[in-house]
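Visitor: Residue-level listing of the chains:
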Amino acid sequence: MAEKQLTNLPDFSLSPHIDQVGVEERVSRVTKRSIKKETKLNGLLLTLNMIDLTTLEGKDTDGKVQQMCYKAKHLHDIYEGLPTVAAVCVYPSMVRIAKKAVEGSGVKVAAVATAFPSGQAPGDVKIRDTKFAVNEGADEIDMVISRGKFLQGEYNFVFDEIAAVKEACGEARLKVILETGELVTYDKVRRASDIAMYAGADFIKTSTGKISPAATLPVTLVMLEAIRDFYYKTGKRIAMKPAGGISKSKLALHYLVLLNEILGEEWMNNQWFRFGASSLANDVLMQIMKEKTGVYQSANYFSID
Amino acid sequence: MAKTKNNTIKLKFDSARKFAPAPESRSAAKINARYDHFINGKFEKPQSKKYFSTINPATEEKLSEVADGNAADVVKAVKAARTAYDKYWKNMKGSERAKYIYRIARMVQERARELAIIESLDGGKPIRESRDFDVPTAANHFFYYAGWADKLEYAFPNRKASPLGVAGQIIPWNFPLLMAAWKIAPALATGNTVVLKPAESTPLTALKLAEIIQEADLPPGVVNILTGAGATGAALVNHPGVDKIAFTGSTNVGKIIQNAIAGTPKKATLELGGKAANIIFEDAAINQAVEGVINGIFFNQGHVCCAGSRLYVQESVYKTVVQKLKDRLETLIVGDPLDKNTDIGAINSKEQLNIINNYLKIGQKEGAAMHQSSVALPSKGFWCRPTIFTNVAQSNRIAQEEIFGPVLAIQSFRTDDEVIDKANNTPYGLSAGVWTDKGSKIFNLTTKLRAGVVWANTFNKFDPSSPFGGYKESGYGREGGLHGLSAYVRIV
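Top to bottom, those sequences are chains A and B. My numbering puts the first residue of the first sequence at 4, with every later residue one more than the last. My numbering puts the first residue of the second sequence at 758, with every later residue one more than the last.
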């Protein structure tokens, strides 16, 4: 069976080429969309519901994670009927705490595993890291690819590693972080996307948030097109998660326009799209309150958990 | 993994077209109830005392009425231009002429918003294009040629370039303000005076430009703008006092002009029709090529002489490209030209819509497969869904004739030589596009394609410094850049 699948794999060095100028022009078309009134409000509410509220710091503690989890469920209680975020994203050591804190709310717990963010660890360590997070109760695993191996052209290594982590995930959905800021060219982003999808990724994700540039609209476009091409080839839907550097509502809405124009309405929900962000939620809340009241409120009115 | 057959997989894009209205404010543009000719620095009533209406093609509402010019008006305008040429313009220092042209450029920029709104109201093009392309590019042309006015001796080293005299300029309805800028800017920079006639369906921005020229305090008669239909244009072409004809429009009218000026000393540049080949090779960046093809044919509702209306796709990627084109077609928003989210506006006139619809019938009759987006069209006004034809052969009329609408004819090809032959197998030769990742292939094609402009991995890019013009029945002479200057000077 495994052998049969292997023979169906494409040659990843032949992944479609990407024209940088064309990608950036396409994105500039998207950023010119004018999003107003109910379209804006719906987009903002959807954005909140797509957020993976994230804390990934060396100094994370149980207390910090619990506070963030409360925020994940209660974004701004003064405004009735707000959705929760999609998930909280934490280190494996915090999964148990987070899981308990969001229990019953529908908010998922995602854990960054596989020696996040560098991924510079032996394979068995990565698998153990993943299994630990899953056993602690993680619903989703955010893994990093081995960028060094990828840049060396060792695509089979990268592929096998993703496939092994996917196996270790069991029921948990796997997000594969390409760390596009280290891959640099759109051609490489496309190739890495193809490898990840064929190796079993449920999501492809731009960045760890630790490297600049993190998510950008052009990189996201390239990945969304990879998802579309994969869908047409295999019939399998893959989800997308841009992460890092998305802190403003307007930019988030542009991501949604891009998503809607490339993959269509079936992707317009948090099963198939997420924002990895820590500070986006408050900017969105600020905009939502402005839509409701007609005036901007100061940042002091929005909790910073 | 759910086993799904490829042909049942379909993406859904209905929601991608649904945006809350975001219209540009119409009240930001001032349109008079009536416009007269602009002759000798003043707005003057037509000798015929007649006016005709100009309408908004998106609503069929009357916007204004403009003077119907006749031969007597032309005589008056040419006389004013001749006097201004002798009295002020031909002997003015280039650096002084430049000041006036710079002033026009700056005023176009200052009034960019108003000009863009009027351009969209009068012509039906989306505000996104008039705001981001037409108006800024028009200002750029004035800036660019203003810069040349005092440097003509460097443009033509060791030769003396002198102006021709009075230029009669006739412009089309697809880019009204931009074409006015293309014509007026180089003429003024080289010391010529101008009588310009905008198209009858889109005269308003040219008349706004007349107001700007008046405010810029250009010497009276240096630029004269007459409105009218074909007869007004014919009177201008046939006037013996005109030294140079610059025409952009249909190949048929171009031929009439060519006949009319035969045997006269009038110089001419004609920028006529086109049926550009856009060629996608299998090694191209396909997603970006598809986007380029979309822009190439649906820009300005396809009312573009250099539109990429014939698409050639290498057979190995043919299915993929057609699939991607269809998906992208679904996301294009057709509707109110003043809405900032509109991708495709209204067809410029009822006549043009009839022509396009007739070609849609012809295409289907010829056995080509027509595919249109599922977008709903407004009930009033002139509209055409973005359309692609597959199953097209070189012998189909929709692959041979200029449709001048949002209609793309797609053919497949196998080898480089084949596609070069097919691309050149047309009476036109204005533009072409090549999509490939291979640089050597680009150069091979650009030397063999008989087209005035060949874009590589992009399409519909314009810059004032770059010459533009056709081969064969797409006309002769070049506009833009250094080449654009030589069309307005006598070199000794």
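Since the hints were made in silico from the structure, they are not lab data. For clarity, every value in this text was computed on a predicted model and none was experimentally measured. Please note that the accuracy of each hint is not assured.
Simulated restraints, written as ranges between beta carbons of each label pair [unchecked claim]:
(1) B:A1126 to A:V128: 54 to 62 Å
(2) A:N303 to B:K1195: 52 to 60 Å
(3) B:A829 to A:K39: 49 to 57 Å
(4) B:D1173 to A:T34: 35 to 43 Å
(5) B:A1133 to A:K39: 58 to 66 Å
(6) A:K39 to B:D1174: 49 to 57 Å
(7) B:K1195 to A:G84: 54 to 62 Å
(8) B:N1115 to A:V24: 33 to 41 Å
(9) A:G156 to B:D1174: 30 to 38 Å
(10) B:N1111 to A:A302: 32 to 40 Å
(11) A:A118 to B:K767: 53 to 61 Å
In silico contact screen, one side only, chain A against chain B (beta carbon under 8 Å); selected entries [said to hold, decoys possible]:
(12) V33
(13) R36
(14) K40
(15) T42
(16) E106
(17) G238
For every residue, glycine included, the Cβ atom is placed at its ideal position computed from N, Cα and C.
Visitor: Hints first: check each against the structure and report whether it holds.
Guide: Now the hints, each set against the structure:
Between A1126 of chain B and V128 of chain A, the C-beta spacing of about 57 Å keeps the proposed range 54 to 62 Å intact. The hinted window of 52 to 60 Å between N303 of chain A and K1195 of chain B holds, with their beta carbons roughly 58 Å apart. Taken as a hint, the range 49 to 57 Å holds for the pair A829 of chain B and K39 of chain A, whose Cβ atoms sit roughly 51 Å apart. At about 37 Å, the beta-carbon gap between D1173 of chain B and T34 of chain A stays in the expected band of 35 to 43 Å.
For the pair A1133 of chain B and K39 of chain A, the beta carbons lie near 20 Å from each other, so the given range of 58 to 66 Å is not met. Against the hinted window of 49 to 57 Å, the Cβ-Cβ separation of K39 of chain A and D1174 of chain B comes to about 52 Å, which satisfies the hint. Between K1195 of chain B and G84 of chain A the Cβ separation comes to about 56 Å, which falls inside the hinted range of 54 to 62 Å. Distance hint for N1115 of chain B and V24 of chain A: a CB-CB separation of about 37 Å, consistent with the stated range 33 to 41 Å.
Evaluation of the 30 to 38 Å hint for G156 of chain A and D1174 of chain B yields a pass: the beta carbon distance comes to about 35 Å. Between N1111 of chain B and A302 of chain A, the C-beta spacing of about 58 Å breaks the proposed range 32 to 40 Å. Our hint of 53 to 61 Å for A118 of chain A and K767 of chain B is violated, since their Cβ atoms are close to 40 Å apart. With its C-beta approaching chain B no nearer than about 10 Å, V33 of chain A sits outside the 8 Å limit, and its interface hint is violated.
The restraint placing R36 of chain A at the interface with chain B holds, with a minimum CB-CB distance near 6 Å, inside the 8 Å limit. A hinted interface residue such as K40 of chain A counts as satisfied when its beta carbon comes closer than 8 Å to some beta carbon of chain B; here the least separation is about 4 Å, so the hint holds. Among the interface hints, the one on T42 of chain A holds; its C-beta lies about 4 Å from the nearest C-beta in chain B, closer than the 8 Å criterion. Interface hint at E106 of chain A: violated, since its Cβ lies 31 Å from the closest Cβ of chain B, which is beyond the 8 Å cut-off.
Below 8 Å, beta-carbon pairs count as interface contacts, and G238 of chain A has one with chain B at about 3 Å; its hint therefore holds.
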